[in-house]
Amino acid sequence: EFGRTTGGLVQMSTRSGTNLFHGSAYELARDGKMAAADALGRKPVARINQFGGSFGGPISKDRTFFFIAPEFQYGSKPLSVVYGLNATQLASPAGQALLAAAPQETFDAVSNAQSVISRIDHRFSDANTFFGRFDFSRVYAADSPGANALQTGLGLASTTTSARSNLLLLPDTNYTTMTQLTSVLSATHLNELRFQFSRELRPRPYQGTGPQVTITNAAVYGPPSSGSWGNVGFESTDNRYHLVDNFSFVSGAHTTTLGIDFQRLAGRALYNQTSNGAYTFSTVDALLARNPASYQQFTGNGTVDLAINEVGLYFQDEWRV
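Going by our numbering, the sequence shown opens with residue 1, and the numbers climb by one from there.
Hints are all accurate, no fakes.
Simulated DEER-style distance windows between Cβ atoms:
1) A35 with Q296: 41 to 51 Å
2) D31 with F262: 44 to 54 Å
3) S92 with N49: 37 to 47 Å
4) S16 with Q50: 18 to 28 Å
5) T129 with F249: 16 to 26 Å
6) L185 with Q316: 13 to 23 Å
7) L40 with Q316: 48 to 58 Å
8) F195 with S13: 11 to 21 Å
Just so you know, these hints were derived from the structure itself, not from any lab.
Every residue gets a Cβ at the ideal spot worked out from N, C-alpha and C, and that includes glycine.
Required output: the full structure, derived from the provided sequences and hints.
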């Protein structure tokens, strides 16, 4: 059933409701003032709060049940734009012109997440049961790169060389709907019919209309485009359709499974980095003098549409000696 999976495989189990109402709740909070700095003097997350719970019970006794489990995270930490220029460079006309267009500033980087898992179970008869599941998750990170990792550890960044107008907002939203009908055909025969639809939305908007500025040993200056700078990702949308029929039967010491698996992926991606053009200056003085070392610009619309259909057949026999 999982033979064509080339990467990691995630199996998720969700609870069903019962004839009794049950629930739970929790909250975890952390304040960076209570945590020590690491070996390089960097503070871990400034503030983070995680909370959620679960609730389940009957809709119709002995027949229909529900279960829902939401979870939320809200976190932030200060992030400073530091170009690495000395005081003389910052006080020069070139430095002042740079700071006027893209100032060094400190603001809060944000990493928030919401997740909801919900499920309904229905018993048609002793031989036929149905369940449906709807999952929703949304991750929102602001002021990336270098600031959306709010965990403790050496990889935590408190400064960035990119102007705030160059930092992307990184919302990532997922919706998944799955239904399954399980039919007991006899004491030795079982059939599972499952359908799933999932949709992922990954827009990559900029925070404003200011220039794209990154200062390292040189300066890169240009207006923002809808593509990404660096490897923080690009705008994309994926729709996945998945249909599986799984038939199993037991014969003595053998348990045999066979089935068909159909999956369709329809997606769109937008990658038009530097579509508005970008100049690279070897020094900050060269920026003021309008003397670029190089210029690059993307041409074309940068959009890729794709659709992939996959059909798989599988057969498996387990023999217990």
